[in-house]
Amino acid sequence: MVVAEEVSKDYLRKCSFKLRKQIVNKETKEEKIREKILNNNKVIETKNILVYVSKKYEIDTFKLIEELWNLNKNVYVPKVEGNNLKFYKIKTFNDLEIGNFHLLEPNTNEEYIENKDTIIVPGLMFDKSGNRLGYGKGFYDRYLKDKNIYKIGICFSTMYVDKIKIDKFDIKMDEVITE
125 MVVAEEVSKD YLRKCSFKLR KQIVNKETKE EKIREKILNN NKVIETKNIL
175 VYVSKKYEID TFKLIEELWN LNKNVYVPKV EGNNLKFYKI KTFNDLEIGN
225 FHLLEPNTNE EYIENKDTII VPGLMFDKSG NRLGYGKGFY DRYLKDKNIY
275 KIGICFSTMY VDKIKIDKFD IKMDEVITE
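Sequential numbering of the sequence shown, starting at 125, is according to the numbering used here.
These are calculated hints, taken from the structure and not from any lab test.
Every residue, glycine too, gets a C-beta built ideally from N, C-alpha and C.
A hint or two may mislead.
Per label pair, the in silico range of CB-to-CB distance [unchecked claim]:
(1) 191 <-> 134: 30 to 38 Å
(2) 235 <-> 145: 13 to 21 Å
(3) 233 <-> 156: 30 to 38 Å
Here are the simulated lysine to aspartate or glutamate pairs, DMTMM-like style, with alpha carbons at most 20 Å apart [what the hints assert, rightly or not]:
(4) 292 <-> 134
(5) 166 <-> 134
(6) 179 <-> 151
(7) 269 <-> 286
(8) 180 <-> 169
(9) 271 <-> 286
(10) 153 <-> 134
(11) 166 <-> 155
(12) 138 <-> 191
(13) 133 <-> 286
(14) 166 <-> 190
(15) 156 <-> 134
(16) 187 <-> 238
(17) 287 <-> 238
(18) 138 <-> 291
(19) 171 <-> 221
(20) 171 <-> 151
(21) 252 <-> 190
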């Protein structure tokens, strides 16, 4: 068993990628996570939800986005612009196209400019203090730095550890949801 706070972030990232490929009953676990998100008081109270568009081996957010639309939520998804993330409103999946890092990104122009609401944040690992191990580019940390937005990290329970080594620029989540 690896003690997360005793190894480098790069090593943890490599371990995380391997672990994610081995998740058993992934769809059932994703459904439990999605239900917890949709029943979360902050999500219920919020009109605008910022959420990532999942890629292979991440927790699927496509069904979550559909459910949010069904609840008449405004859904904003990220787009990499230079060294920064910006979030744009999407109304259908047709509002997405392949962009930076071969990720689906919005092709719309209604940018999220408020400084509140709720964001669903991807991560490779999270710890019990809300610390996040991301992909190493710092996009989310830079975006969240000056935002007064409720941050929900989501991960499978195998990626939820006691403690992760953090840096001064790492942004904590307000809450972490697992299955």
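(message) Of the numbered hints stated earlier in the document, which are not met by this structure?
(response) When the structure is compared with the hints, numbers 2, 5, 7, 8, 9, 10, 12, 15, 16, 17, 19, 20, 21 turn out to be violated.
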